[in-house]
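Top line first, the protein sequences correspond to chains Y and E.
For the first sequence, numbering that gives the first Met the number 0 assigns the number 0 to the initial residue and increments by one for each residue that follows.
For the second sequence, numbering that gives the first Met the number 0 assigns the number 0 to the initial residue and increments by one for each residue that follows.
Any given hint could turn out to be false.
For identical chains, the list gives no copy identity; a pair is met inside one copy or between any two copies.
DSBU-like cross-link-like pairs, simulated, lysine-lysine; straight-line CA separation at most 30 Å [to be verified]:
1) K307 <-> K26
2) K378 <-> K2
3) K56 <-> K187
4) K334 <-> K216
5) K220 <-> K20
6) K334 <-> K165
7) K128 <-> K187
8) K80 <-> K319
9) K223 <-> K2
10) K256 <-> K80
11) K231 <-> K307
12) K26 <-> K209
13) K334 <-> K223
14) K180 <-> K26
15) K20 <-> K184
16) K183 <-> K378
17) K117 <-> K183
18) K133 <-> K216
19) K209 <-> K265
20) K26 <-> K378
21) K224 <-> K187
22) K26 <-> K211
Quick caveat, the hints were computed from the structure, so don't treat them as lab data.
Each chain, letter by letter, is given below.
Protein chains: 2
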Amino acid sequence: MIKVEEAIAIIEANSTKMPWKSIPVSKALGYVLAEKVISPINMPPFRQSAMDGYAFKHGIRHQYDIVGISQAGDHSNFKLKPTEAVRIFTGAYVPNDADTVVMQEHVMASEDSILIAKMPEPFANVRNKGEQIKANDVVFEANTLITPAAIGFLACLGITEITVYKKPKVAILVTGNELVKPGKKLSKGKIYESNSLMLQAALQTIGINKIKVHTVKDNLKATKKALQFILKKNEIVLISGGISVGDYDFVKEALLKNGVEELFYKINQKPGKPMFFGSKKDTLVFALPGNPASSLTNFYIYVYSAVKNRMGFSNTNLLKIVRKLDNDIVNNTGKTLFLKALYNEISVEILDGQSSAMLNSFAVANGLVIVPEDVENIKKGELVTILPID
Amino acid sequence: MIKVEEAIAIIEANSTKMPWKSIPVSKALGYVLAEKVISPINMPPFRQSAMDGYAFKHGIRHQYDIVGISQAGDHSNFKLKPTEAVRIFTGAYVPNDADTVVMQEHVMASEDSILIAKMPEPFANVRNKGEQIKANDVVFEANTLITPAAIGFLACLGITEITVYKKPKVAILVTGNELVKPGKKLSKGKIYESNSLMLQAALQTIGINKIKVHTVKDNLKATKKALQFILKKNEIVLISGGISVGDYDFVKEALLKNGVEELFYKINQKPGKPMFFGSKKDTLVFALPGNPASSLTNFYIYVYSAVKNRMGFSNTNLLKIVRKLDNDIVNNTGKTLFLKALYNEISVEILDGQSSAMLNSFAVANGLVIVPEDVENIKKGELVTILPID
């Protein structure tokens with residue numbers, strides 16, 4: 000049995016980054032850049048007006064003749080005399096002979112001339128070529144997460160393809176003779192299988208959408224055979240159930256017989272103690288406890304960061320936050336506790352129903368309060384660390 | 000021109016909830032329940048062992064004969080004499096004649112009998128029928144967000160279908176003769192069209208995945224015709240560009256001619272002032288500014304909460320947080336500022352590059368600092384309000 004911190008460190012050390020692939024920017028939300036991106040153009044590509052108004056060469060004059068119109072998208076490079084200006088719109092090309100744009104609200108205009116009532120500073124309201132970024136400058140360094148704003152920036156530079164870390168292929172293997180698929184009749188002694196849907200949804204929240212779910216009978220032969228196939232086809236394998244000490248739990252043996260190296264088994268925590276972590280080549284295996292709340296707890300603490308590590312994220316552990324405790328906590332287990340909790344900007348409330356079989360409280364929780372194994376009491380009003388899970 | 004708070008209130012008042020639909024639990028992540036859900040079963044459905052161990056009737060004895068095995072999934076209701084126990088595993092059926100389970104670690108076992116070394120309390124390690132939830136009790140009230148844990152809980156009760164608020168159909172209409180599709184050659188005076196990809200990605204982050212993008216020329220006839228079609232087919236319409244005061248901006252006129260009621264036009268803010276909000280029947284129309292950073296700012300402040308309102312979310316405005324400011328802020332605009340910023344648990348830094356045309360800073364920002372219109376100075380170390388956008 001190892002400590003929580005050791006388990007996290009072992010998983011992190013084994014969660015190598017995935018290979019790269021090229022994808023369209025339009026599909027890149029949530030991926031992480033594997034290579035830096037260089038701008039192919041200056042942005043803006045030309046001197047642009049930042050306002051609707053009139054472009055002219057700044058001088059001592061206040062009156063100008065209007066000799067043309069520059070709309071966004073035009074490229075009419077009007078030759079301007081010092082006495083001349085052009086009507087111009089936001090985003091439009093500023094003629095080479097002009098250096099300043101006056102807002103239309105600051106002029107009195109007739110059909111063919113303007114009188115500037117409020118003279119702008121020289122060069123005002125003109126966005127210079129390359130002001131935002133210059134051709135061949137770095138747009139984003141490697142390991143940048145692709146957000147909506149990043150997609151907008153890449154697109155505005157005309158970039159259509161980028162190189163990112165692939166997402167890992169993830170499979171879920173469900174074991175347990177007691178399990179019945181929701182929708183079927185529940186015969187005596189059976190319960191509904193819920194972990195696979197729950198884990199699929201949890202994976203979806205971090206961008207893993209294609210997940211294969213396999214179900215096997217609780218026996219060594221079936222488990223071994225299923226794993227042989229699954230280990231070849233996936234980079235992360237989640238196994239639900241069959242990893243406790245019970246005489247009928249075959250998962251660990253089936254893993255070892257398939258050449259999976261055990262990296263740890265059992266963690267000094269509650270819930271979620273009976274977890275196996277191992278690897279075979281580049282494939283990571285998490286055998287999660289069968290109890291739903293234990294399974295989801297360990298997903299958030301361990302699987303979450305492993306998946307994100309593999310996808311190239313820089314900050315893979317969920318950002319931990321600190322809040323004032325609304326309840327007293329007693330920990331007489333000698334284990335690290337992960338307590339379902341509801342936090343706000345100021346404080347955090349430990350929820351009722353912490354049993355490892357119960358999902359009720361998990362469904363309303365937005366964080367897990369961490370109580371270290373060597374801490375026996377935390378009093379109301381003291382600060383605690385929380386893993387946000389919303 | 001209206002205030003930011005007024006704009007938010009008008010949008011909220013007009014963002015009615017969408018009609019309901021029934022969907023499989025397996026596809027319900029991110030939806031909001033339209034009706035409460037009732038449990039069809041007791042959970043657990045029978046008295047379950049919470050441990051691997053031995054089930055027996057608590058008494059004064061320490062020694063018991065083992066008369067059978069109860070595995071998870073079995074339903075062998077062993078008749079037990081007071082001198083008898085059954086081997087039992089986690090999740091397995093506890094025989095009616097037994098009331099207590101002793102952990103296997105606390106017994107000395109031979110092949111056919113056990114001696115209990117550490118006697119548990121009566122009723123220990125038995126999960127009672129309906130302990131988690133009883134048949135016909137409320138699982139979730141209406142307006143509950145479906146999280147991974149909620150999916151797990153619904154599935155474990157055997158529930159396969161739930162009634163949720165539909166997601167709104169969203170279309171994006173892009174206007175602007177200056178715009179060229181990324182991937183094509185950029186001729187003089189033109190820029191790449193990036194807002195549609197950016198807004199699609201932003202919508203994806205809140206679960207809107209099927210988005211139709213339409214592009215029209217900057218003229219009244221084309222805009223009017225496109226809108227006629229789009230307004231009929233969608234519940235939310237985002238229009239990018241064409242809503243400033245420029246003589247070539249036809250969007251507002253095209254909207255009014257299509258029977259869209261103007262609810263406001265222009266907000267006293269920077270960036271993002273030139274925005275139109277209107278409605279026609281149940282369809283909401285946001286005509287967003289063409290500048291990318293203005294467009295995305297207004298997405299997060301206005302569109303985001305409108306979409307979530309319509310999807311049935313209870314807390315539709317992004318949770319605002321408060322942090323200590325790392326820089327001085329000067330606001331001599333008389334407008335509400337939304338400043339791209341990077342916050343951590345303690346403080347917030349205002350980023351360089353706040354121009355409405357620039358996405359550079361937006362791509363690294365994780366929040367927008369709100370500077371109210373009537374606040375001229377905020378000093379380093381003072382507290383500011385942030386809209387998180389990560």
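Exercise for the section: Please name the hints from earlier in the document that this structure breaks, with their numbers sorted from lowest to highest. Expected result: The structure breaks hints 4, 5, 6, 8, 10, 13, 16, 17 and 20; every other hint is satisfied.
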